[in-house]
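Starting from the two chains in their separate frames, assemble the complex, guided by the hints.
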Amino acid sequence: MRKFSFVFILGLILLWGCTDDNPSGPDADDFDREEILVNWADNIILPAFESFSTTTGELKTAGENFTTNPNQQTLQELRDAWKTSYLAWQHVSMFEMGKAMDVRFRDYLNTYPVSANESSPNADQTIQKNIQTGTYNLELPSLRDTQGFPALDYLLNGLGDSDDAILEYYTTHQDAVEYKKYINDLVTRMDQLTVEVLDHWESGYRDQFVSNSGNGANGSLDMMVNDYIFYYEKYLRAGKIGIPAGVSAISSGTPSPVRVEAYYSEGLSKALFMEALNATQNFFNGKHYGTQEMGESLASYLDYLNTMKEGADLTQLINNQFESARNQAENLNSDFVTQIETDNSEMLATYDELQKNVVFLKVDMLQALNINVDYVDADGD
Amino acid sequence: MSIESTLQEYLRKTANAAPLAVFRIFFGILMLISIIRFAANGWIYKLYIEPDFFFSYYGFEWVQPIGEWTYLIFIICGLSTIFVSIGYKYRAAIIVFFLSFTYIELMDKTTYLNHYYFISILSFLMIFLPAHAYYSVDAWKNESLRAQKVPAWTIDSIKLLLGIVYFYAGLAKLNSDWLLRAMPLQIWLPANYSLPILGDLLQQTWVHYAFSWAGALYDLTIPFLLLMKRTRLFAFVLVIVFHALTRVLFPIGMFPYIMIVSALIFFEPKLHNTILSRISRFFKIQKDRFDNARSYLFSSTITRKASIGLLSLFFIVQLLIPFRYLLYPGELFWTEEGFRFSWRVMLMEKAGYANFKVVDSESDQSFYVDNTEFLTRFQEKQMAAQPDFILEYAHHLEDYYQQKGIEDPGIYVESFVALNGRRSRPYVDPNADLTEIEPSLKHRTWILPFDDEIKGL
Numbered sequence: 001m002r003k004f005s006f007v008f009i010l011g012l013i014l015l016w017g018c019t020d021d022n023p024s025g026p027d028a029d030d031f032d033r034e035e036i037l038v039n040w041a042d043n044i045i046l047p048a049f050e051s052f053s054t055t056t057g058e059l060k061t062a063g064e065n066f067t068t069n070p071n072q073q074t075l076q077e078l079r080d081a082w083k084t085s086y087l088a089w090q091h092v093s094m095f096e097m098g099k100a101m102d103v104r105f106r107d108y109l110n111t112y113p114v115s116a117n118e119s120s121p122n123a124d125q126t127i128q129k130n131i132q133t134g135t136y137n138l139e140l141p142s143l144r145d146t147q148g149f150p151a152l153d154y155l156l157n158g159l160g161d162s163d164d165a166i167l168e169y170y171t172t173h174q175d176a177v178e179y180k181k182y183i184n185d186l187v188t189r190m191d192q193l194t195v196e197v198l199d200h201w202e203s204g205y206r207d208q209f210v211s212n213s214g215n216g217a218n219g220s221l222d223m224m225v226n227d228y229i230f231y232y233e234k235y236l237r238a239g240k241i242g243i244p245a246g247v248s249a250i251s252s253g254t255p256s257p258v259r260v261e262a263y264y265s266e267g268l269s270k271a272l273f274m275e276a277l278n279a280t281q282n283f284f285n286g287k288h289y290g291t292q293e294m295g296e297s298l299a300s301y302l303d304y305l306n307t308m309k310e311g312a313d314l315t316q317l318i319n320n321q322f323e324s325a326r327n328q329a330e331n332l333n334s335d336f337v338t339q340i341e342t343d344n345s346e347m348l349a350t351y352d353e354l355q356k357n358v359v360f361l362k363v364d365m366l367q368a369l370n371i372n373v374d375y376v377d378a379d380g381d
Numbered sequence: 382m383s384i385e386s387t388l389q390e391y392l393r394k395t396a397n398a399a400p401l402a403v404f405r406i407f408f409g410i411l412m413l414i415s416i417i418r419f420a421a422n423g424w425i426y427k428l429y430i431e432p433d434f435f436f437s438y439y440g441f442e443w444v445q446p447i448g449e450w451t452y453l454i455f456i457i458c459g460l461s462t463i464f465v466s467i468g469y470k471y472r473a474a475i476i477v478f479f480l481s482f483t484y485i486e487l488m489d490k491t492t493y494l495n496h497y498y499f500i501s502i503l504s505f506l507m508i509f510l511p512a513h514a515y516y517s518v519d520a521w522k523n524e525s526l527r528a529q530k531v532p533a534w535t536i537d538s539i540k541l542l543l544g545i546v547y548f549y550a551g552l553a554k555l556n557s558d559w560l561l562r563a564m565p566l567q568i569w570l571p572a573n574y575s576l577p578i579l580g581d582l583l584q585q586t587w588v589h590y591a592f593s594w595a596g597a598l599y600d601l602t603i604p605f606l607l608l609m610k611r612t613r614l615f616a617f618v619l620v621i622v623f624h625a626l627t628r629v630l631f632p633i634g635m636f637p638y639i640m641i642v643s644a645l646i647f648f649e650p651k652l653h654n655t656i657l658s659r660i661s662r663f664f665k666i667q668k669d670r671f672d673n674a675r676s677y678l679f680s681s682t683i684t685r686k687a688s689i690g691l692l693s694l695f696f697i698v699q700l701l702i703p704f705r706y707l708l709y710p711g712e713l714f715w716t717e718e719g720f721r722f723s724w725r726v727m728l729m730e731k732a733g734y735a736n737f738k739v740v741d742s743e744s745d746q747s748f749y750v751d752n753t754e755f756l757t758r759f760q761e762k763q764m765a766a767q768p769d770f771i772l773e774y775a776h777h778l779e780d781y782y783q784q785k786g787i788e789d790p791g792i793y794v795e796s797f798v799a800l801n802g803r804r805s806r807p808y809v810d811p812n813a814d815l816t817e818i819e820p821s822l823k824h825r826t827w828i829l830p831f832d833d834e835i836k837g838l
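As they're listed, the protein sequences go chains A and B.
Residue 381, in this note's numbering, is where the first sequence stops; the numbers in between run on with no holes.
Residue 838, in this note's numbering, is where the second sequence stops; the numbers in between run on with no holes.
Chain B with its partners taken away, still in its complex shape (with noise of 0.2 Å):
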């Protein structure tokens, strides 16, 4: 058999539906929760309504929050959670997700979260599949949407996409402050000395390699073992106990239980069968409805083919993205080059400090600038260790002190950065003026060596 017909079989299997049932509405429910969260943390307010200046990603300096109205954007983000998890006009629910949950993760970079950028990615990927084929509202009142089975590639696109975000996790701790250096664990674990039992074990080194070690392996092989019907269960069990003590010992909020939750997706039908059943006599829903044996059939060949292209094209996208850091330079978690989007999380502790000095050149006065009257404490602390905020922060100075009647203002940067335990060393070229310098994608000139190596991926 040629690659091609195997292929074409492939994408004509199907499967039940049930799996992605259960996954649309947890998701929909976890969304939810985080939004809720979020708001009762008081972090709309604290995060992008108090700040005066918000850090933009390259090429979206449009996207800023809008004052007050940005709660708006927060409140229908929170409603289309509801209508996905339901599966009530869904298509169009889960677009507005993806559109409102985009632009809050855009409007300032200060936040940003492997996790968000995760949810962001997977509620795109979900506009691709039909999730509301089964067990759905739309389901329910459409006939002709109403399906059974649904093409078998539409649940394995997000384990796939599960899968890489494990696997490239795992990659990326392939080096050597990680296994050789057990960092920036070392740092991190023994800042946890309040918990009880564990409190006193994570002040051992040894403990700090042993994460390390066992961290690199679980992330590299979990999505093998939750794939592999043999080792699922016991897969699931490490899932659980992982994210669980990630959640005990890291501040990061709602991931470990979505993490936890997504991984049933690895899991055989008759489990989401069994869950559906249950809310279903929870609710006294009629699951039977929906058990027509139908496969669903995309509203025409070309949808099927749009979807499955640009699908295939995402997937080729996220296996690249990650390994755009080859291209520039340097030492990647010294520059920052190509390290976002890339599944590096938990890879680096970086602490750093700039202190900005306006050069006023008529009249060659220059001072220092607070960083306290621009930003609040959090966005300084970003901004302070990496490099692409130090740029635009400086360029926003110049925009300030022009408007103050410095015609043509100098920015300079007094900037030191201490990176996984090392002794801060400067980190911005002094002599340079930021102004002269255009924020671009191209490798920065103007940071200055590492003068150390970080073997490995």
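One chain only, chain A, in its complex shape (with noise of 0.2 Å):
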């Protein structure tokens, strides 16, 4: 009995800790993780989603246009409705989770460099030839670059050197047919794919995303900074800058024009870089999308967690080389094709810039968040 009045104490003593008045820690109900969750589902990605759906609805209705009667005007207007569905993109490719990830959104909707001709990269299946034979199956992995975005920059900007040699594949050409069908395919496609993500996050998604705010590596946050970090590495540091530029193994070290995103169209690829890098920042700092309010999100988080620990401000830091990645890139070309050609190096030194937040993002942040990268035992005593 007196081992267990012993116990009893221990357990007064816990309790009387438990209720100090001065604790020096923040207050704990100053912080709810939730709150991020809601305020990027509500605040950021859905909107998003939202807007990118209407994007896709336009330009289906713009190849719709186009191919019924094509001429130089709604060429434009497909041209205008496919840029505009691009930038809003931007937006959104970093949410590759739930039914994005189930039906390879990205994949399908933006792997590039496109498989064109004979002459593309990949030259197994082309565009060309999926018009030449007119079978051809876009749910197939392995179809995934010719369809998409690329696909319709070959398709709108890549066939000929003037608007009307891009016009005659439409009208003159003996395989016309195909080729408005293949815009109709395409456009279907990805308004389809679109409002399919759209409607599983407006359909219980959306609560299970911000329901499932436990820690560990299937809760959302964890899920949400692996899945952010990993676009910011490899689709926007990797794909828009680092192997057009020719830092990867896929080209051995050479600059490769080709893999520039858009590539027919002149003038696109920094614009789409930079409002993905914008993408990238605001919701890094929880900004609402499309208007300039605030919300919980990674800094605000950051924030509360370096008030604790009382450590360098973190945050600071990131949005300071965001800032200086960005100062970097307005010095390029709004063509990255031609900026490759005449001077790569400011294409590298960019991609410097995005490098050193990839550091602050990938070892600082997460070791500050304790994310983890997966679920196996870990060491303990």
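If you're looking for bench data, these hints aren't it; they were derived computationally from the structure.
Yeah, the Cβ is synthetic: ideal placement off N, Cα and C, and Gly gets one too.
Each statement offered as a hint is correct.
If you only want the chain A side, here are some residues facing chain B, beta carbon under 8 Å, derived:
no.	residue
1	33
2	214
3	254
4	358
5	373
6	377
Structure follows, in structure tokens:
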């Protein structure tokens, strides 16, 4: 009995500790992680997808208009719709989770370089082949680089040197019917996939995402942060800048302008990159989609953890680095193809600035947030 | 009395065999559950079959997963636990378990855990213990083996191993990061925000310090509290509370259960006999048959002396290995030279990033490597913060790009590591061609200095 009374007293001491009047840390109620998820879902992800879905709807209509009546005006309207949608895409590309992950949304909408014809990097299955044979199943993974934005880029900007030359393919060309069908198939599929992903978010996935607020590799926060960093590293840093500038093994270290996003459309690549850079920074800061309002996100979470540890201001460092990358990128030609061919060093310098934030995000931020990369046993005693 | 005769007398002392038998039974069951859990989580495939490349321990490069056959190793390991538990062909079973389990652990050091190492050496120790002399199928069938008493040192050796694990884990916590900065608990605990009640508490700085100090104190004292009869029950309550907490706070799998059940070995045989009686009643086993009052005899004096000699050596090695870090200059947490196999558990939050550059010396072309092409996310995370991983991976890249036609690739790495909440700093010398450095146990001069100090052990 004496033993148990000892345990009892210990319990009392513990309880007394818990009701200490002067906690040295910040008030725990100050920060609710679920708020981050709510902000991401309701103010960033869903509005971005809604807006993007509007643009794919318009893209589809523009595609139909163009193919029913191919002329200079409808071509330009389709190009404009494509451009608007491509810019909006930069705000949803990073959210490859839930349905988007299931359907490989990013792969089907924006795999580049596109396989246009036999001179493309991947010449096995090309757009030209698809059109000539007329038998293609766009749902096949092997046809990912013959559809989406890059495929439209080729079909609207890359088929000929002038608008007249391009229009010929849709009017007088012997395969004109097939060309028009291909355009329609592409815009229909893009819109259909987008609607599918948006519907999924609206019909329950949003609640599932927000309520999965626990910590652990399968919690929404850990999952989203991992995906976010993955996007930043692989699609923004490498995909848009590094790979075309020739830093990767894909081109054995030689610059590869054909790997620029929106390769056939002069002067859009920089705008797409800048849009994506803004989107990633906005997400970090919790800035609402399409407005100037701010909400809870990684920035405020880091600030909260910092006040606890009295550490250096990581949020500031990361935002400064986003600024440096943006400032460096301002020097780039609006067309990355031109930039790479005239002075690739500016591209490499942009890559270096982006690279510095990989370290902040992947090392310092991941450590501070204690994000799990995977569900496996870790050490303890 | 001389030391020698005291020692001889101790070695001749016998004790009731029930604690050892209970330990064997539970050990087998927990290992079986661990293996099943591992398989059910899909980890055999994910960790040992899916990856293209595996990180080897120095000198054990020949231990590799064997494709689909890797499942067979797990099946063998799982089956052996049943044999160990029921004590059927015990000696062969525990050897098979030790070998298969250790093989699994050696396949990829990405998954290194102190727990697994503990299981490996514990099963090694058990090879030499007569854990099947009592309440086992072997003893049921073989009268000459059956013994109600075993040498006391056989039970004490398990206590000693447990004591080493705890005490050394406690010693390792006596450093400035743990005690004065509450690191890494200060990073880890707030992440458990979603726990009821505890979640809010874990945001408080004082709680981080309380957990740090209590953890160190627990580890240092628990072996002694368990040894002393007066404090044993209290100590056992602490064991349960402590491990239940770690179970809730950290993703550490089966280990808490293993430690809780292992701690039963410290109790008086009365408890173990009660447990065995209960089991007997449930399974209708005639327990009396084992109660023959005989003492276990080793098959020969040589076997006995060899066992004692080997285990003495084993424990000397165990006591020394954790201190091998003293042979290396530099900060242990930073260089990790002599970090593993030392019961340094939960001491570090280390995150890293390693960007590898391949330079073709002939054409002077260079490019960066996409690590995800070669490694899983988990492997990449482990690799990026540990120098031996970085070097091994660099050599793998060298081989790969040689096959791709680059005759003499130079491999350089731009790497950053953050340790226990410090800002990230450059880790490996970016000007060092890693292909020129051979893996060895020598001090690594190619790691950049830590430029900070962690005081303590």
